[in-house]
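Note that the protein sequences, when read in sequence, are chains F and Y. Take 64 as the starting number for the first sequence in my numbering and just add one per residue. Take 98 as the starting number for the second sequence in my numbering and just add one per residue.
Simulated from the structure, these hints should not be mistaken for laboratory data. Take the hints with a grain of salt, since some may be wrong.
As the list claims (entries may be wrong) - In silico SDA-like pairs for lysine to any residue, Cα to Cα no more than 20 Å straight-line:
#1 Lys185/F to Phe214/Y
#2 Lys485/Y to His99/F
#3 Lys518/Y to Tyr270/F
#4 Lys484/Y to Met267/F
#5 Lys518/Y to Trp247/F
#6 Lys518/Y to Val248/F
#7 Lys518/Y to Ala254/F
#8 Lys485/Y to Ala472/Y
#9 Lys185/F to Ala472/Y
#10 Lys185/F to Asp625/Y
#11 Lys484/Y to Val249/F
#12 Lys518/Y to Lys185/F
#13 Lys294/Y to Leu258/Y
#14 Lys484/Y to Tyr270/F
#15 Lys485/Y to Pro266/F
#16 Lys185/F to Ser470/Y
#17 Lys485/Y to Tyr270/F
#18 Lys518/Y to Met315/F
#19 Lys185/F to Gly246/Y
#20 Lys518/Y to Thr253/F
#21 Lys294/Y to Leu228/Y
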Amino acid sequence: MTQSRYQGLVAGRRVAGQNLIWLILGATFLFGTTVHGFLSPTNLTNVAWASVPVGCMVLGMFFVMLTGGLDLSLESIYGVAPVIGIVLLNDYLSFLPEPVALVFAVGTGIVAGLLNGLISVKLHVNPFLVTLAALLFWRGLAIFLIPEGIYNLPDGYTFLGSFRFFGFFPVAIVLGLALFGIAWVVINRTAFGKAIYAVGSNPMAAYVAGINVDRVKISVFVIAGLLAGLGGLVEVGRIGAVVDDMGQNSIMMVFAGTILGGTSLAGGRGRLSGILAAILELAMIDNVMNLIGVEPSARQMIFALILLGAIYLASFQERRETVSA
Amino acid sequence: MTALSQAVGAGDPAPDVGSVFSYQTVDLTRAFPGVLAVDRVSISIRQGEIHGIIGKNGAGKTVLMSTIAGIYPATSGKLQISGDTIDLVHHTPARARELGIALIPQEPLFANHLSVFENLFMGRMPQRRGLVDFSAAQRILSQISERLGVKFDSDQAINTLRIEDQQMLALGRALYLDRAIVLLLDEITASLPRDRKRVLDHTLQRAIAERPEISITLITHHIDEVIEFCDRVTVMRDGRAVSTIDVLQTNKETLAAWIVGAEGGAKPAVAGDPAAPATVLVAPTAPATVPIAASTLTPTAAYGSGSVVLSATSVGLGTSLADLSFELRRGEVLGIAGLDGSGKDEVFSMLAGLQRPDRGSIALSGRRANFDSPADARRAGIAYLPKKRDQYAILTGRPVDENALAMVYPALTRFGLIDGKRAHNLVADGVKTLRIKTPGYRTAIDTLSGGNRQKTMILRVLCAAPLVYLLNEPTRGVDIATKPDLLREIRSRLAEQGCVVVTSESEEELVEICDRVLVLYRGAVIGDLVRGTPEFNSAQLYRLTQGVRQ
């Protein structure tokens, strides 16, 4: 009797421990219900919608961080990919159908990610430095190409971010969930996913076990680039314009989301469910502050404090795992 | 009879008339649960001598030294040093340091990311008027560098130095900074190249010439090193000091006979050897002779009849391995025996794809197999179990199942996805067969005991179902109760599924499971023992690893 109660307690604590970020999200939601307008379907839809573009970057960072790497350039790839797509379509290849430009944009993300991967892995340059250079370069290219911004976008280029099913439910949310589903399968059900964890946990052991460590490390940069490009397209559709500073300074938020979701900076540890909750949490905090009417100039400070608290709480997650596992 | 008791140091300390002892142990005993690691050892080490301690793995050498250095308390026993008698039950490392005892372990404990300077002078910075005396420190550093032949920059992080250099630094610190009088060196000679061994020998001789009051105790596995370095040697077997011998009065054959004891068989190596004292013929403390069943077994039915799976032709690597050739057939277990530095590890790293041979060729199922990477080797059908498991095998923080399946996920993939059911069954079966104790398959491997982590790694190669199992010390760190299971598993299941290349620190284990053992000595094959022949026994195997031919 006592024994089973004790085990129940331990199991309960473990479930709570592994899902702390979901508890934090739940608490934020409960607090939100006290705010007028928060619970309206339109508002909740908007929260989810707004979380998709940055969410794509967080998902990409999650892959890279699992292998023990990091990618500072994601916000610039996010910014430059839609720029390349639209510039190619407008200036050089206007005879092509509009949605082809989406392929160019995503392709840009893939190429940028591949370069990050190849340079850091094959030339043995620290990924921090490689992606720092890429951060500057890709942002610079965006500024160089469209210093004025482009505000007349063809519908075929914006539908990922703007189209709504039944005039209400944004396709972006469906896209976001689909990406999560695919990521879940890749991470949990494929040999590649297992190799990602192995490389992050002990690269030397992964190498000895016959895993192509270099290929895994390069692949996650490519995935991250692709996701950043997609995220950029969603954001472009949402705001209806391509501007050169889109996503600027968002990389810290991407880090915050990835770490808040329980991903270890050292690699080898992290779960997708945590990432989903963390992305929603970031969007919800922003939304609640908006609704309460927090002075825009004060928001960043409040956000920082909330974030610190949330990351502190989420850090129990890792400690708990080591204790209870 | 007097000569006998003098040669045999067990029980009563050998009287040491005419020379001053540096330290002396009296009935030192250290018990671990279920095993007497050190059993009533009384040895007396003279001032100014280099004293060897030799014996097989598990003979108790390292435990003996650690106890003297205060790292483990003894179960009972005393230490006499500098006119004091210390009760070793209440000994501590701090007390040992006060007494001038310095232990240089196989893997020196340094703060990895700190510089050489910071590490060496940690807690003992030379000072003058309250400030660090850099010129004094510099003097000591250059002394260490010169005399021990270590090249380093004092600002260099210590983990950028090779392990043998770190050992030399630890020795240098003990000699010139701490000015220890009792130096205990645990196998620091094993990884040194020959020219550096000479430097070390010279340095030790010089240190003794400068300060005749010191003594040096040297643990080694190599009889050659005893002959090269030592004045006297104590042979340990099964926790007991069975003999203390003057090195000038002995030879390799005699020492090998002492080390293996009665299992050496009816004809001790020393018979008819004029150099050996007659008393050495019988080892009085040897356990009753037990016939070694394995050595009388005939080879497995499959032996020599299967098709050739793996073959090496004149394979060589730098100066560490010359001209290795063998053929391994399906169903066979091939042992590779040899001491550290014999070229044994190179054989494994070449077969595993970690190093490419410089000369010769390896073929797997008739195809050239000079691998470029472990991934190459894996694809070709080799599954490698490395020796240093925590460094090269364990996926830290990952669950048991992922650790077990790390090599086979690509093979378990159907239509791009892992077949979850097959994966689960593979792990479930393996955990049951190998009796791995784990709360669940998704439990992080770090929380398992050393033996169970080890077994999970064995499960990894087992799951891979390769053509060739490449097992580097598969029983290392496995508890005694599990070892027989593991050995049986290798001999029955693995050999049936493919073939096995294996090495072990224990000659007995090799004799138990191998069909054939190649013995390497200084990079060359010195012996080729085949099961069913009279030479196929652990004593002969041991003698060959030491370079003793008959």
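Hints and how they fare:
For the hint pairing Lys185/F with Phe214/Y, the CA-to-CA distance comes to about 34 Å; that exceeds 20 Å, so the pair is violated. With a C-alpha separation of about 61 Å, the suggested pairing of Lys485/Y with His99/F is violated against the 20 Å cut-off. Using a Cα cut-off of 20 Å, the hinted pair Lys518/Y and Tyr270/F is violated, with the two alpha carbons roughly 26 Å apart. Distance hint between Lys484/Y and Met267/F is fulfilled; the C-alpha atoms sit about 13 Å from each other, no more than 20 Å.
At most 20 Å may separate the alpha-carbon atoms for a hinted pair to count; Lys518/Y and Trp247/F meet this at roughly 18 Å. Among the hinted pairs, Lys518/Y with Val248/F is consistent with the structure: their alpha-carbon atoms are about 16 Å apart, no more than 20 Å. Our distance criterion of 20 Å between C-alpha atoms is met by Lys518/Y and Ala254/F, whose separation comes to about 15 Å. For a cut-off of 20 Å, the pair hint linking Lys485/Y to Ala472/Y stands: about 19 Å separates their Cα positions.
The hinted pair formed by Lys185/F and Ala472/Y meets the criterion: a straight-line CA distance of about 17 Å does not exceed 20 Å. Note on Lys185/F and Asp625/Y: the hinted pairing is violated, with a Cα-Cα distance of about 44 Å set against a maximum of 20 Å. The hinted pair formed by Lys484/Y and Val249/F fails the criterion: a straight-line CA distance of about 32 Å is larger than 20 Å. Between Lys518/Y and Lys185/F the alpha-carbon distance is near 37 Å, which puts this suggested pair outside the 20 Å criterion.
With a CA separation close to 18 Å, the supplied pair Lys294/Y and Leu258/Y stays within the 20 Å bound. Taken as a hint, the Lys484/Y and Tyr270/F pair is honoured in the structure, with Cα atoms around 15 Å apart against an allowance of 20 Å. The straight-line distance between the Cα atoms of Lys485/Y and Pro266/F is roughly 14 Å, inside the 20 Å bound, and the hint therefore holds. Restraint check for Lys185/F and Ser470/Y: satisfied, since their Cα atoms lie roughly 16 Å apart, inside the 20 Å limit.
Between Lys485/Y and Tyr270/F the CA atoms are separated by roughly 14 Å; this keeps the pair inside 20 Å, and the hint holds. Restraint check for Lys518/Y and Met315/F: the C-alpha separation of about 41 Å exceeds 20 Å, so the hint is violated. The suggested pairing of Lys185/F with Gly246/Y is violated, with an alpha-carbon distance near 36 Å, which exceeds 20 Å. Between the alpha carbons of Lys518/Y and Thr253/F the distance comes to roughly 13 Å, so the proposed pair stays at or under 20 Å and holds.
Straight-line distance between C-alpha atoms of Lys294/Y and Leu228/Y comes to about 37 Å, which puts the hinted pair past the 20 Å bound.
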